[in-house]
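Sequence lines, in order, name chains A and B. Taking UniProt numbering, the leading residue of the first sequence gets 1, the next gets one more, and so forth. Taking UniProt numbering, the leading residue of the second sequence gets 1, the next gets one more, and so forth.
One thing to keep in mind: the hints can contain errors.
What the hints assert, rightly or not - Stretches of chain B that chain A covers, calculated by requiring three or more beta carbons in the stretch to come under 8 Å of a beta carbon on chain A:
#1 65-76
#2 201-208
#3 238-248
Just so you know, the hints here were simulated from the structure itself, not pulled from any lab data. Just so you know, these numbers come straight off a predicted model, no measurement behind them. Ideal Cβ positions, reconstructed from N, Cα and C, are used throughout, including at glycine.
Each chain, written out:
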Amino acid sequence: MKARDDIAKSLAACGYIADGELATAVALMQLLKRPLLLEGEAGVGKTEVAKALASVHATELIRLQCYEGLDQSSALYEWNYQRQLLAIEAHRGHAEAIEDQIFSEKYLLERPLLAAIRRARPPVLLIDEIDRADDEFEAFLLELLSDFQVSIPELGTVKATSIPHVVLTSNGTRELSDALRRRCLYHYVDYPDVDREARIILARIGGASASLALQIARLVEGLRKEELRKVPGVAETLDWAAALVGLDVRDLKDQPELVHDTLMCLLKTHEDRARITREITARLVGKVA
Amino acid sequence: MSCCGATPDHEDLDAVARLLVGRLGAFVKTLRDNGFAVGLQEGQDAAAVMAAGYAGKPGLLRSAFKHLFAARKSEWDRFDGLFDAFWLGKRVRSRSLVSGAAPAANSPSLKSLQDANAGQSGPQGATDQIPSDDPPRDAGGEGRSEGASRVETLADTDFRRLADPQQVALAHEAAARLARVMRTRLTRRDQVRRKGQRLDLRRTIHRSISHGGVPIALVHRRRKSKPLRLVVLLDASGSMSAYTAVFLRFIHGVLDTFREAEAFLFHTRLAYVSDAMKERDAARALDRLSMMAQGAGGGTRIGESLQTFNRWHAARVLHSRSCVMIVSDGYDTGDPALLGREMAQLRRRCRRIVWLNPMLGWDGYAPEARGIKAALPHVDLYAPAHTLRSLAALEPYLARL
């Protein structure tokens, strides 16, 4: 309870404008020692949550970006082959001794997952876009997340010295397994409402006035309701806000032409660009005033 | 429930908490009845959450439970309503299951475990037999219809002509088994087919030690290719009604074992049915489905359904190794131009489009429907699917992808 309020405060203090429920999720992560699975459209600020979490706990952020074909050697650990070969050359003829030597800590390269469980102070482990990794990797991850130990055949079992705060994000390009979902706390990150988005703009873009931020947030909200192929996320909104501030726009109504021309920050496909005509922009600008 | 208003002394709070924990079990059961996969661990964690002081405010407890119990967006969206209905006594439209939910929900884990075992032993038995009939690949008919061999007579019977309920049941069973057999062969073939030649340095060096560091025996790694993903779009309109049931069983069989498979149902609009179809028990799956397929048996708007698919689902369910299987007779009441456009877009996103038309198997049928004419230029394989044999004939084609 108290923990939750503290977290809400410190999230706000480190510049992450969270919705009310996220603080609960973070508090539960600590209470139940479960990973947090964040789902939501691209660009709604899922990765930012992990960054904010790291600064709340004043700890390191270790990030593992998932992709198709991600395997153990780039996620967990790898032997330092160059050094091993060198050592073998150097000690030619002492096979037994070499074997003991080259499969020791000294020759082990930590990758994000191993690094995360061997820190003295629990870091935040961000496993980004887990849906891009293969099923096999997901299964392996599941095992790691429940035991927090890794077995390296040549070295033995490495137990976690600290249990990291794990955050997983997913864009929904693949359906995740039920087992993984059940292991995690779930939080759906939605597009922020106008008020929250305006506050995010204010927090992130220096130089933006409160009234401009509100106008931008309203216009983006209106834009999201149009039939778009790629709905602009918070990151796009911030880009656009920065562009407008950079071009010295004080009020959207003053320069509707410029507003339309800078919409390239928000609309990222040709079709969307063609769909939002000058008339539509003018209508949207008219509404936000 | 007045569990929430007062925050008096500790004894009262303890009593309230005990009461709540008592009702927690019932709540968990409600969630299970509504399709949430809630395990024992979640129940214990929920009790821990309550003990940690979240039980004081309903809004806080709801938020905490939502993170704990929901596991996907659909559950996330539904949770608040369920929570309010149970704990706060608000009349929200009830979504409990229509049939047999209570006995099934009592031991879901046990049940799914049994089913999972059964599912595993089935395909394995089938894989063992495959090598024997593998070399003559064209004569694969026997291997494939291994599943359907017990119902040989059914293999060539048009699904329309199945009248006897017992026969129908047999056909359904065969369709489900066929789907399972297809699955095992597809993935197995994929794994042995490609020999990616990447050097596995780790193992090579390990072996080189005994040669004093000279890597004599090189160890390679072969790349495992991703299995084909099958996305089925099934027409559930009136003109297809004679075939819908069998294909639903087929889809259920495919989804059950094919982890990389998704299913959609369309008539005048599109419904995502994978979740419902993943229900282990076929009858229960169909039951869940019937709720989603309201309006089935009416007209078809293939173009608009495809538009919905392209817009909302394609990014998630399609990747470069996806095969889209559309099962429809092509009688479209919508705009053929739209259908053509959406087919072209779909074509760009996936590996193959297979269009199965049950009526193609009829004597003297020609693709005259406007919808089919608009769609055909974008279709890679246009095949009949009115008998089990014609379904089975698809497998070699899919395996080659």
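Results of checking the hints against the structure:
{"no.": "1", "hint": "65-76", "result": "holds (count 9)"}
{"no.": "2", "hint": "201-208", "result": "holds (count 5)"}
{"no.": "3", "hint": "238-248", "result": "violated (count 0)"}
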